[in-house]
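Top line first, the protein sequences correspond to chains A and B. Counting in numbering that gives the first Met the number 0, the first sequence tops out at residue 517, every number present. Counting in numbering that gives the first Met the number 0, the second sequence tops out at residue 229, every number present.
To be clear, the hints were calculated from the coordinates, so they are not data collected in a lab. Glycine residues also receive a C-beta, built at the ideal position from the N, C-alpha and C atoms. Fair warning: there could be bad hints in the mix.
Stated by the list, open to error - Here are the in silico distance ranges between beta carbons for each label pair:
1. B:210 - A:87: 26 to 36 Å
2. B:182 - A:110: 43 to 53 Å
3. B:126 - A:20: 38 to 48 Å
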Amino acid sequence: MRMQAHLRTSGFSMVELLVTVILAGIVFASMVPLFISAEVKSSGDQMRNIALNLAQDRIEKVRQLDFDQITLANLQSSSFANSQFGTSWTSYSGGGATKTYSIAYTVNNVAANGTNPAYVVVKVVVGWAGKPTPNYTPALQIVITRDYAGPQIISLTVGPTNVNGVVNSTPVTLTARVGAADVASTAKVVFSIFTQSGSVVTTITQTSGSSGVYTASWDASSAANGIYAFQAQAYTSTSSAGNAWSRRATLQLNTAPPVLPTVHIGAGYHFIGFWWTASTATDLAYYQVWRSTTSGAETLYYDDMLSPGFNDLNVTVGTTYYYQVRAVDTDGNVGPLSAQLSAAPGTTSGAVPGAPGSFNVTRSNDTAVITWTASSGSPAGYHLFRDGAILAMPDVTARTYTDTIGYATAHTYYLVASSAYGYSPATSTKQVNAATPPTYTMTVTVNKSTPATSVNVVQIDSYLTQPYDWSTKSATSSSSAVWTGLPYGTYKVTAAWSGTIQSQTITFNSAKTVPFTF
Amino acid sequence: MRGLDIRQLKQSQGITLVELMVSMTIMTVVMAMLVVTWVSLQSSEAVTVRSDQTRSDVRIAMARMCREIRDVQSQAAGQPLDGEAPIIYASANEIDFTTSFNDPGANKAGQILLTRYYYVCNSANNDPTTWCIYRQRDTNQNGVFDTGDRVDQIADDIVNGITPSTGSPTPMFQYSYLDGSGTLQTGTTPPDPATIQTVQIRIMADVNPGHEPTYMDLVSTVEPLNMRQM
Numbered sequence: 000m001r002m003q004a005h006l007r008t009s010g011f012s013m014v015e016l017l018v019t020v021i022l023a024g025i026v027f028a029s030m031v032p033l034f035i036s037a038e039v040k041s042s043g044d045q046m047r048n049i050a051l052n053l054a055q056d057r058i059e060k061v062r063q064l065d066f067d068q069i070t071l072a073n074l075q076s077s078s079f080a081n082s083q084f085g086t087s088w089t090s091y092s093g094g095g096a097t098k099t100y101s102i103a104y105t106v107n108n109v110a111a112n113g114t115n116p117a118y119v120v121v122k123v124v125v126g127w128a129g130k131p132t133p134n135y136t137p138a139l140q141i142v143i144t145r146d147y148a149g150p151q152i153i154s155l156t157v158g159p160t161n162v163n164g165v166v167n168s169t170p171v172t173l174t175a176r177v178g179a180a181d182v183a184s185t186a187k188v189v190f191s192i193f194t195q196s197g198s199v200v201t202t203i204t205q206t207s208g209s210s211g212v213y214t215a216s217w218d219a220s221s222a223a224n225g226i227y228a229f230q231a232q233a234y235t236s237t238s239s240a241g242n243a244w245s246r247r248a249t250l251q252l253n254t255a256p257p258v259l260p261t262v263h264i265g266a267g268y269h270f271i272g273f274w275w276t277a278s279t280a281t282d283l284a285y286y287q288v289w290r291s292t293t294s295g296a297e298t299l300y301y302d303d304m305l306s307p308g309f310n311d312l313n314v315t316v317g318t319t320y321y322y323q324v325r326a327v328d329t330d331g332n333v334g335p336l337s338a339q340l341s342a343a344p345g346t347t348s349g350a351v352p353g354a355p356g357s358f359n360v361t362r363s364n365d366t367a368v369i370t371w372t373a374s375s376g377s378p379a380g381y382h383l384f385r386d387g388a389i390l391a392m393p394d395v396t397a398r399t400y401t402d403t404i405g406y407a408t409a410h411t412y413y414l415v416a417s418s419a420y421g422y423s424p425a426t427s428t429k430q431v432n433a434a435t436p437p438t439y440t441m442t443v444t445v446n447k448s449t450p451a452t453s454v455n456v457v458q459i460d461s462y463l464t465q466p467y468d469w470s471t472k473s474a475t476s477s478s479s480a481v482w483t484g485l486p487y488g489t490y491k492v493t494a495a496w497s498g499t500i501q502s503q504t505i506t507f508n509s510a511k512t513v514p515f516t517f
Numbered sequence: 000m001r002g003l004d005i006r007q008l009k010q011s012q013g014i015t016l017v018e019l020m021v022s023m024t025i026m027t028v029v030m031a032m033l034v035v036t037w038v039s040l041q042s043s044e045a046v047t048v049r050s051d052q053t054r055s056d057v058r059i060a061m062a063r064m065c066r067e068i069r070d071v072q073s074q075a076a077g078q079p080l081d082g083e084a085p086i087i088y089a090s091a092n093e094i095d096f097t098t099s100f101n102d103p104g105a106n107k108a109g110q111i112l113l114t115r116y117y118y119v120c121n122s123a124n125n126d127p128t129t130w131c132i133y134r135q136r137d138t139n140q141n142g143v144f145d146t147g148d149r150v151d152q153i154a155d156d157i158v159n160g161i162t163p164s165t166g167s168p169t170p171m172f173q174y175s176y177l178d179g180s181g182t183l184q185t186g187t188t189p190p191d192p193a194t195i196q197t198v199q200i201r202i203m204a205d206v207n208p209g210h211e212p213t214y215m216d217l218v219s220t221v222e223p224l225n226m227r228q229m
């Protein structure tokens, strides 16, 4: 240890300090390229990202083209398909500056052979000029196969519709358009209509179109309201099928509100009874009763009522009640409120009427005929119940009622009489059994001799779980189509002659001839 | 300890005032350089993080919109928009459609819900953090967008609304669609969304917010797969 040397030390000299500062400066300066390099790499990453998305953009745009439009010349054209393609694209890079990316395409067509359809391989490479050097320019490739041998449907519309898109009138017009490249090769377009559960409602073939537009007319007058699927598919003359284009629409033909004819009211001992002539709407769903203790201020009191009558027991003696009734159909159409009627519950008690006498129910073809004799005690009305629910309030003096029930289901009935003093006991229950429906012969005649008309008969009774197809037959003007042994019911008969479709819905309760004229 | 000479100690005179001042000045210069460099690094790191975050947000927004719009599907029977095309509304800065993509954490597995992406850019408001892309889901399932629905911000600093100028903004969505005669058209307002063939999405983001504008300009296109089956 040489202490003397240490003691001679007199701190850093100026030169040493300067050397240190210069060295530190060199070290800092050497780090600058690192920052620059990081920035350049970051910028390059961003450009590659933009280029990758641009390549994806072009690949997806190729997918919207018809197969025959996918050519190198088209893709390189800056004006093709509303300028969606071309060989360059300019991005904004901020501060008013732009950056141009170049796009190169490779299109390789492979023709169809015996087992494989034709396909095309499209490759898109995106690059840019200048730095950063495009060492890793994105390239994407797609293979597009000619999927269909037949003509392409490119749109299908269903109308007429209201503002909510609901088909609201008949006939329903279906309009299909085939692609411009397929107009010449299209021989026919087949329209199919399905229920929401997938059952075929009808099929319409249209062989004549105008500039690729084919239309079909569907008589929906006998179709139930609801959601339907409509499909169109085009064929060549050699029956090569193209794509099937489908769409759904809601059918709601009936917009007329159900109307109530007349409402009657009467007061009984601690109750108010009223009944009305049933709405004649065939699609009636239920009734609503509105009530108030103030005239003109009725509010909804009883909803979803199925019977055409109501006895209000929830009343206070001494209070006058005001009522209105209206009907609602299965499409939700609401009828007008009936005229306001008022009554106060009666306070006078007396003998209730006796049970109706000789109550009897018999089947007569597709109807049940109900008869009885008058009750004792001057009944003001009768209440007929079917299967536990009130069916009707039959006329007091006629004392007979005919109920159309078809053949498929058994029904039970009983009857109650009423007066201002209350209800009679119910009659005993009577039943009519299901019966085998009678069968008849249906003859379908047409007025065309050639080509033969195709006739299809479908039973559409609501008790069937699904329409029953009684087969398709041919008919000419000299040879009718005949079905024997068809059971009583409701039928839809459809005839197709030379691309034109007609249909009729008939109630089949005797031997019938159904004529079609084209 | 023979080497320790008391005379030598007496000759030692310490540091002169001039030496002290010079060394302090140099130290100050060196320290100043270090502090400036450190602050600069800190600032640079903050900008880089913000920039990376914006780049990442935009990439994710683009990927998510592409995926979701490609897989649009019509609502099922019984839902409010049953029977409608999968794309309900289409304009330059908004697209409304129905899809079964779920919300994170929401118990709506398999539900096909009305959804929309929309871009809001109030150019009068000079705050780019309010120039955003939003995604809204009809989570209360009533068929319309209202205050009961969930809204998520997907990305901010989106400058479509001011590029190339506020008077001539760049649309976020552009559509290829078939017109009434079946001819392919492109535009930002297709008359019938059911005829849309492809949707072009363009997102421009300022990845250097608050400093010299540096834009990331992404463009991509998707072909919705279920447009023909309604």
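Outcome of the hint check:
no.	hint	in the structure
1	B:210 - A:87: 26 to 36 Å	29 Å, holds
2	B:182 - A:110: 43 to 53 Å	28 Å, violated
3	B:126 - A:20: 38 to 48 Å	44 Å, holds
Hint violations for this structure: number 2 only, all remaining hints satisfied.
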